[in-house]
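So the protein sequences, as listed, match chains W and F.
Its first residue numbered 1, the first sequence is counted upward by one per residue in the working numbering.
Its first residue numbered 170, the second sequence is counted upward by one per residue in the working numbering.
Hints are supplied without guarantee of correctness; some may be wrong.
In silico negatives: residues of chain W with every beta carbon more than 12 Å from chain F [claimed, not checked]:
(1) R11
(2) T12
(3) H13
(4) R28
(5) R55
(6) L61
(7) R80
(8) V92
(9) G100
(10) T136
(11) R143
(12) N156
Restraint-style ranges between C-beta atoms, simulated for each label pair [said to hold, decoys possible]:
(13) F:A452 <-> W:P137: 38 to 44 Å
(14) W:V127 <-> F:P419: 19 to 25 Å
(15) W:P86 <-> F:V437: 48 to 54 Å
It should be emphasised that the hints constitute simulated quantities derived from the structure, not laboratory data.
Just so you know, even glycine gets a beta-carbon here, dropped at the ideal spot from N, CA and C.
So the chains spell out like this:
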Amino acid sequence: MNSVELSINGRTHRLQLDPRTTLLDALREHVHLTGTKKGCDHGQCGACTVMVNDRRINSCLTLAVMHDGDSITTIEGLGRPGQLHPMQAAFVKHDGFQCGYCTPGQICSAVGTLQEIKAGIPSHVSVDITAIQKATPDEIRERMSGNICRCGAYSNILDAIEEVAGVKA
Amino acid sequence: MKAFTYEKAQSTADAAAALARNPGAKLIAGGTNLLDLMKLQIETPTHLIDINRLQLDQIEDTADGGLRIGALVRNTDLAAHPRVRQDYGVLSRALLSGASGQLRNKATTAGNLLQRTRCPYFYDTTLPCNKRNPGTGCSAIGGIDRNLAIMATSEHCIATHPSDMAVGMRVLDATVETVRADGAKRTIPIADFHRAPGNTPHIDNALAQGEIITAVTLPAPVGGKHLYRKVRDRASYAFALISVAAIVQPDGRGRFAYGGVAPKPWRVEAAERQTDAKAIAEATLAGARTSEHNAFKPLLVQRTLASVLQEAKG
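Go ahead and model the full structure; you've got the sequences and the hints to work with.
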């Protein structure tokens with residue numbers, strides 16, 4: 001067993017873990033934060049997306065022991081009932097889900113997407129990679145391609161993200 | 170996942186020594202490919218050496234006007250670096266065409282070079298595969314090989330190397346810097362880093378046991394238009410059927426490297442003396458060994474190259 005200290009949604013957790021434990025399993029099975037979902041468990045679906053040190057990653061493809069001292073934000077840490085994060089509120093308003101299983105990952109990924117655009121990180125669809133990037137529908141679609149929604153709520157997910165980005169009322 | 174022990178390396182020398190000491194050990198950085206393969210028991214290291222805390226995450230200008238990219242620079246950070254965007258656009262474009270935002274935030278420069286093939290038969294542990302289990306045979310030959318290689322294959326393996334980044338680095342003439350436990354350093358041209366399968370397809374590259382990548386260096390910028398065109402079954406988040414990395418000068422002369430056609434980024438410098446897409450593609454893919462499912466690749470390369478050359482004029 002290995003010892004690891006994780007700051008999760010602002011609270012420090014000291015855990016004793018088998019080194020095989022992924023960050024995803026540590027969150028769900030050890031800290032009992034079950035908002036983060038296990039979909040494919042192979043980095044293909046994005047359901048497990050969380051923020052680590054303010055960057056979105058797939059929590060299924062990283063070991064918890066590799067994150068000693070890191071700061072992790074899950075869907076539970078973005079907002080709470082009555083105090084929703086703007087992205088959570090926009091997903092509700094635009095009906096950006098059907099079954100809801102991919103939603104925590106979609107929302108964390110969407111928050112990361114807008115941060116990355118704001119930070120000037122280009123994407124595959126950016127016409128000029130040296131220019132300031134904008135949150136256009138094409139940019140959002142491309143940057144969200146690591147999150148799969150089997151219900152096919154994509155158009156409403158896009159509406160929600162566009163609203164938070166301020167490109168659509 | 171098979172059980173393993175875990176340690177955090179404090180220095181590159183530390184990591185190299187631990188790697189040399191443990192034949193069953195592997196380094197882990199981003200982990201996005203290694204952990205995927207460990208879950209499937211395709212990779213079964215007995216010991217993991219976490220190198221994430223090593224100071225190999227810098228991008229620095231070199232004395233000759235080039236760029237030195239630390240092994241642990243994340244794919245997102247490399248693609249977004251101002252000098253890469255300005256002077257080495259083909260590399261930025263290649264990186265951004267690969268994987269997803271989440272994966273690029275985690276994946277590293279060295280890890281990207283070291284990722285394993287996505288050949289479906291390498292992943293299917295119920296079937297023979299010479300790359301996964303040497304000597305068992307190749308299930309891909311005569312199988313569904315739509316995504317697989319047509320150049321530099323052997324009767325033992327037809328896997329492609331899946332990296333887009335490496336194709337961008339090949340057209341830029343990058344070199345890979347390494348160090349060993351005894352402190353010996355060497356530089357390996359990217360052209361010689363990945364290897365053709367021959368009769369040892371389980372060996373992907375030129376690294377020796379215990380040798381660690383510390384950086385990738387790019388020579389001074391060569392100017393020109395930088396393009397990376399990737400053709401795939403989906404618009405995003407899919408591996409290449411074929412890809413073309415191009416740097417085209419105002420006189421129309423260019424250099425071209427290709428993904429999705431070989432076990433390494435494919436480039437034939439002699440073909441770059443030709444001027445039209447058909448002649449370049451024919452010289453680049455001379456001796457191609459195609460099959461029923463991937464017979465489209467040579468023509469797709471030619472047409473994609475023609476489109477790239479057209480775009481470069483605009």
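Evaluation of the provided hints:
Separation of R11 (chain W) from chain F is adequate, the least Cβ-Cβ distance of about 23 Å exceeding the 12 Å criterion. At roughly 19 Å from the closest C-beta of chain F, the C-beta of T12 (chain W) stays outside 12 Å, upholding its exclusion from the interface. Distance check for H13 (chain W) against chain F: the nearest CB is about 19 Å away, which clears 12 Å, and the non-interface claim stands. With a cut of 12 Å on Cβ distances, R28 (chain W) stays outside the contact zone with chain F, its closest approach being about 16 Å.
Interface exclusion of R55 (chain W) from chain F breaks down, the closest Cβ pair being 5 Å apart, not more than 12 Å. With a cut of 12 Å on Cβ distances, L61 (chain W) falls inside the contact zone with chain F, its closest approach being about 5 Å. Under the 12 Å C-beta cut-off, the non-interface status given to R80 (chain W) relative to chain F holds; the minimum distance is some 24 Å. For V92 (chain W), the non-interface assignment is confirmed: its Cβ lies about 23 Å from the closest Cβ of chain F, beyond the 12 Å cut-off.
Residue placement check: G100 (chain W) keeps its beta carbon more than 12 Å from all beta carbons of chain F (closest about 20 Å). Against chain F, the non-interface label of T136 (chain W) holds: every CB pair exceeds 12 Å, the least being about 15 Å. Consistency note on R143 (chain W): stated as away from chain F, yet its beta-carbon is not over 12 Å from all of that chain's, at 5 Å minimum. For N156 (chain W), the condition that its CB be more than 12 Å from all CB atoms of chain F holds, with the nearest at approximately 19 Å.
The hint said 38 to 44 Å for the Cβ distance between A452 (chain F) and P137 (chain W), and at roughly 41 Å that hint holds. Between V127 (chain W) and P419 (chain F), the C-beta spacing of about 21 Å keeps the proposed range 19 to 25 Å intact. Separated by about 52 Å at the C-beta atoms, P86 (chain W) and V437 (chain F) satisfy the suggested range of 48 to 54 Å.
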